[in-house]
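*Asks:* Put chain W on the given structure of chain D with help from the hints.
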Amino acid sequence: MNIRRLIKNAKIRTSPDVNKAVLNDLIDTLDKSKNERSADMDVWKIIKFAAAAVIIIVICFFFTHHSRNGRIETPKVVRTSESKSPAQLTSLVSLNMAFRRGGMEAVEKQFAEADKKVRQSLKERITIEQLLCELGECEEI
Amino acid sequence: MKTSNNYKMILSMIVFFLMSACVYAYPPDNAAVLYYKAAMLYAPDDKMEKVLSDFSNEAADFSKADVDRIRKFVNKNRSIIDTVLDAAEIKNCDWGLDYSEGLAMEIPLGSQRKLACLVLADAKILAMDGNYETALNRCMSLYKIARHMNDRVFVAYLMGAGVNGRTNSCVMQIMSDMPQDMQNLSRLKNRLAKVDSISFSVKPAIIAERDAMLIFMTPQRISDGVTILRREDVPLSEEHKAVYEKILSFDDVMIERNRKYFENFYTGVVDVFEMPYPQGYASLAELCEKAGKEMIEGNPDATLTVVFRPAMGKIFSLATHSQTHDNAIRTAIELYMIKAQKGKLPDKLPADLPADCFSGKPFDYEKTADGFILRCQGKEINTGKVYQYEFKVK
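Keeping their order, the protein sequence lines are chains D and W.
Residue numbers in the first sequence follow my numbering, run continuously in steps of one, and reach 141 at the last position.
Residue numbers in the second sequence follow my numbering, run continuously in steps of one, and reach 535 at the last position.
It should be emphasised that the hints constitute simulated quantities derived from the structure, not laboratory data.
There could be a bad hint or two in this list.
In silico DSS-like links for lysine-lysine, alpha-carbon gap of 27 Å or less [unchecked claim]:
1) W/Lys-387 to D/Lys-109
2) W/Lys-480 to D/Lys-84
3) W/Lys-480 to D/Lys-109
4) W/Lys-387 to W/Lys-434
5) W/Lys-502 to W/Lys-480
6) D/Lys-84 to W/Lys-191
7) D/Lys-84 to D/Lys-48
All of these numbers come straight from a predicted model, not from anything done at the bench.
Looking at chain D on its own, in the form it has when it is part of the complex (with noise of 0.2 Å):
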């Protein structure tokens, strides 16, 4: 609005065309800066953005890893069960444990984690020939 203002009082004589020209021309270039401006701007507000990410993980990074060279210390999440046997697990103390901390559900999940416990170990087959190999026939296989 001001340079269209601007152009019309200015004491230069011009036709109404060349204003028109003159005045849509600027416009144009106007917009354009603008947009360039804009897209700056944008493309500054991913870096920074990008910044801020990298040094949040960088953080969290430090934090989880860093504990290994021994200097910081993060509280340490103990899954108790992953250091437990079958039978441990399937204990009537631990049981009842996981009853008192979860109920039923508590009590189920820790059954479940013993039996896929003992499903890997089933898993490790013996075959016949080690079998027989152990009964000392190894040589007739």
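*Replies:* The following block gives chain W in isolation, referenced to the frame of chain D:
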């Protein structure tokens, strides 16, 4: 002399045949043997296990394609179902639990739930196909399996109660779908009466759990008890660490005093399980609170009781819910029978029917457009839930 030898020979032959018949008899006289066998041979993948568990709980949400997939899986495992059904008919069931191990004894009942889900899926498919008679047979077997599972410890009782509850839901579904004539209903009533003749109570578990804990309340075993508790109590807080250290410093006299406190506490617990639910729950809360308070206030005698006692309130509520669900089904059968005789449901609940155990009062009875609802008048205190059971009438 010769005749006497002949008699001896015949007698020894009879004994031999009888003995060999005993040795090779099937089924064995211990149901657990067959359950363990079935569990060893049954290996659903995680996905199918979840599907079966959901299906046995609520079959209505499953598409035809899903049901066909389950049907295929169930048929593939037919021999396992047959083994479980054979086991259910055996009177004796000894899981081989070593009670001398006390709290350290293993309770290998996890697979039982999976096997029960498989049999329940079979029952549901049979009912979907209109084979209600066989479907109900499966359910009666499942009730027996639940009773077999109840082997004197809380966890075993609760696992059994879980199977019992799922079976109740399946029976409710079958009752709603099957032709509700007098013949079918009388047969179901008689079958349930047979099931009821086999005890299914939490009470034996109260005593056995107490004994399992007492095994560790001796000068010889107390450190084993603490080791086991420490293993379970991870991550270990400073507060708990201090309590365990304190227990390890107990001398023989202190252990004996703790033992006495624990025995008195448990006498109170046994009494609670005889009380109506609201009073029982309040007394239980009071007992547990008292022990905790005394320990905090410096009475060392209460220490082992606080550390070892199971979650009694939850157990009491679950046991009450299990009995209430059973009672709802028995009440519903009476209502269905009235409908079969008189052509319509009664407007009021007849007297002397099994009660809602949460309130000790009869169920709240409501007729609906397509059947009736039996609603508890009391709520489950620890969750605030009010249970209700919906039945459909044809």
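*Asks:* Can you name, in rising order, the numbers of the hints this structure does not satisfy?
*Replies:* When the structure is compared with the hints, numbers 1, 2, 3 and 7 turn out to be violated.
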